[in-house]
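Using the sequences provided together with the hints, build the complete structure.
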Amino acid sequence: MELTNENVLGKIIEQFGEENITDAMNPDGIMTFQTNRQTIHELIKYLRDDKELQISFLTTMCGVHYPEQKDKELCMMYQLHSLRHNYRLRIKVYFPISDPVMPTLTDLYAAANWMEREAYDFYGIVFAGHPNLIRILNVEDMEYHPMLKQYPLEDQTREDKVNTFFGR
Amino acid sequence: MATETKTVELDGLEQFRENLDLKLQDKHNENLTTLNLGPTHPATHGIFQNILQMNGEVIVDAVPTIGYIHRAFEKIAERRPFYQITPLTDRMNYCSSPINNMGYHMSVEKLLGIEIPKRAQYIRVIMMELARISDHLICNSILGVDSGAFTGFLYVMQERENIYDIYEEVCGARLTTNMGRIGGMERDLSPKALHLIGEFLKRFPKVWAEFEKMLTRNRIFIDRTTDVGAISAERALSYGFTGPNLRATGVDYDVRVMNPYSSYEDFDFEIPVGSKGDTYDRFLVRNVEVWESLKIIEQAYKNLPEGSYHADAPHYYLPPKQEVYRNMEALIYHFKIVMGEIDAPVGEVYHSVEGGNGELGFYIISDGGRTPYRLHFRRPCFIYYQAYTEMIKGGQLADAILTLSSLNVIAGELDA
Numbered sequence: 001m002e003l004t005n006e007n008v009l010g011k012i013i014e015q016f017g018e019e020n021i022t023d024a025m026n027p028d029g030i031m032t033f034q035t036n037r038q039t040i041h042e043l044i045k046y047l048r049d050d051k052e053l054q055i056s057f058l059t060t061m062c063g064v065h066y067p068e069q070k071d072k073e074l075c076m077m078y079q080l081h082s083l084r085h086n087y088r089l090r091i092k093v094y095f096p097i098s099d100p101v102m103p104t105l106t107d108l109y110a111a112a113n114w115m116e117r118e119a120y121d122f123y124g125i126v127f128a129g130h131p132n133l134i135r136i137l138n139v140e141d142m143e144y145h146p147m148l149k150q151y152p153l154e155d156q157t158r159e160d161k162v163n164t165f166f167g168r
Numbered sequence: 001m002a003t004e005t006k007t008v009e010l011d012g013l014e015q016f017r018e019n020l021d022l023k024l025q026d027k028h029n030e031n032l033t034t035l036n037l038g039p040t041h042p043a044t045h046g047i048f049q050n051i052l053q054m055n056g057e058v059i060v061d062a063v064p065t066i067g068y069i070h071r072a073f074e075k076i077a078e079r080r081p082f083y084q085i086t087p088l089t090d091r092m093n094y095c096s097s098p099i100n101n102m103g104y105h106m107s108v109e110k111l112l113g114i115e116i117p118k119r120a121q122y123i124r125v126i127m128m129e130l131a132r133i134s135d136h137l138i139c140n141s142i143l144g145v146d147s148g149a150f151t152g153f154l155y156v157m158q159e160r161e162n163i164y165d166i167y168e169e170v171c172g173a174r175l176t177t178n179m180g181r182i183g184g185m186e187r188d189l190s191p192k193a194l195h196l197i198g199e200f201l202k203r204f205p206k207v208w209a210e211f212e213k214m215l216t217r218n219r220i221f222i223d224r225t226t227d228v229g230a231i232s233a234e235r236a237l238s239y240g241f242t243g244p245n246l247r248a249t250g251v252d253y254d255v256r257v258m259n260p261y262s263s264y265e266d267f268d269f270e271i272p273v274g275s276k277g278d279t280y281d282r283f284l285v286r287n288v289e290v291w292e293s294l295k296i297i298e299q300a301y302k303n304l305p306e307g308s309y310h311a312d313a314p315h316y317y318l319p320p321k322q323e324v325y326r327n328m329e330a331l332i333y334h335f336k337i338v339m340g341e342i343d344a345p346v347g348e349v350y351h352s353v354e355g356g357n358g359e360l361g362f363y364i365i366s367d368g369g370r371t372p373y374r375l376h377f378r379r380p381c382f383i384y385y386q387a388y389t390e391m392i393k394g395g396q397l398a399d400a401i402l403t404l405s406s407l408n409v410i411a412g413e414l415d416a
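Taken in order, these protein sequences are the chains called A and B.
Heads up: the first sequence begins at 1 in UniProt numbering, then just goes up one per residue.
Heads up: the second sequence begins at 1 in UniProt numbering, then just goes up one per residue.
Take every hint as true, because none was put in to throw you off.
Below, a list of computed lysine-lysine pairs in the DSSO-like style, where the Cα atoms sit at most 27 Å apart: (1) K149/A / K75/B; (2) K51/A / K11/A; (3) K149/A / K110/B; (4) K92/A / K110/B.
Because the hints were derived from the structure by calculation, they are not lab data.
Put into structure tokens, the structure is as follows:
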């Protein structure tokens, strides 16, 4: 079966229902749709195990922060790839920052382990069921999640900081 | 007072050991030794720390720590105009910076919808394949060093210098190249650059054949690398392996073939695959890939099309300097581009290229501003290095060093 955006989306909606698969679009040739936290784990398992689809390679995942969107402040993007059919797929899940919990994918993909730790490190997204959810790139005693939009980068032109050793 | 201080220190140490023990299995087994490998061990070629639990010479478990050179590129990129992000990508895989640069440029071009002329695409292919050669050359020769053969490393290092001379002629820099622009190359290949590439194509095959001869059928080398750090194709795919490390396990996934970019579909080349996924297979796959890269460069060099070396995109591509002084339009565009006053369209793009170590992806979300709203790098090293623990378990310490070298983990790309 040749995978196209239409028949893949049709198959997924047939399996999971229209209320769980929403906002399908095609921004750059890769089909993108939204789902929710209840469905995501089962959906990715289904895509991996289905004999026809075989979308079984986790390319990447990352968090995004939209501070203006009420109750949809955080977004988790998953990108999958079917090496058999050379077909790519992007799935997004939006959830509130007050309850930043997502199901882990470490039981489906070994690669998810560090990717999820990175998302936790950068955005504070908690992956329920992750075997070792600690910071990965930043120091362990850091008290905030630096990729959130409320932490701006330091202004390069500031003058109140005197540091003669580092030539500032 | 003195004794008190001492107790406190000991408590801290005890706490540290306890935390460490919790991370490692079999903490009550007294025959095991804990060994700290890294972060600045000369044999790890980069800043990687692994706390190993050893039973004699055999590794029982390992806890890797990364992030020693984390520079928050994804955060910094959210503040910079698009053209200023290229120098950040240099510093990811610094053994093959042009691939990172051009991968990023192509992603932005995809976002902006710019069509690149054939000549610029071919020049890019030449530079990217030179970068792949220098990347694989380092990896394989370092593998030789770690197994006790220093000669080959010094011998091929001269050729890397020659590749860097070509970079220097094309863009002015050697290691962190910042090569090309959004929309093409910053200048055409000069006669000297063409001459250097021609010379390289003549000289390099002999050098590489000699290097290959030294190791490929070398009894000691084969004994040291066969069945060392092996991984099956299923596990490799689950771990998100890409590039030579995946191909060594027998999966023929190459972005250049599967999703051709920059005119790769015009060239005739083969994708080598291994069978066992061990260190020797990874070495062989990289060796053959160097020959294939040479083939691509030769084809691109011979069939270099005439035409412009950059796209006609005045909003994003800097005008020539002479124009800026005489032409009002050019002056305005020059000012707007340099000050980062050009807005990108709203959109969302993922583009990937075959980097030195695998699929190097750029995921850009643009909200229509001068900077990306979110830029995520899919860094192959970061994703496959997590398999390292599994690959070295049950092996010997000396084999762990070889496995690390053959995976070609680049600290800059790992930590970004």
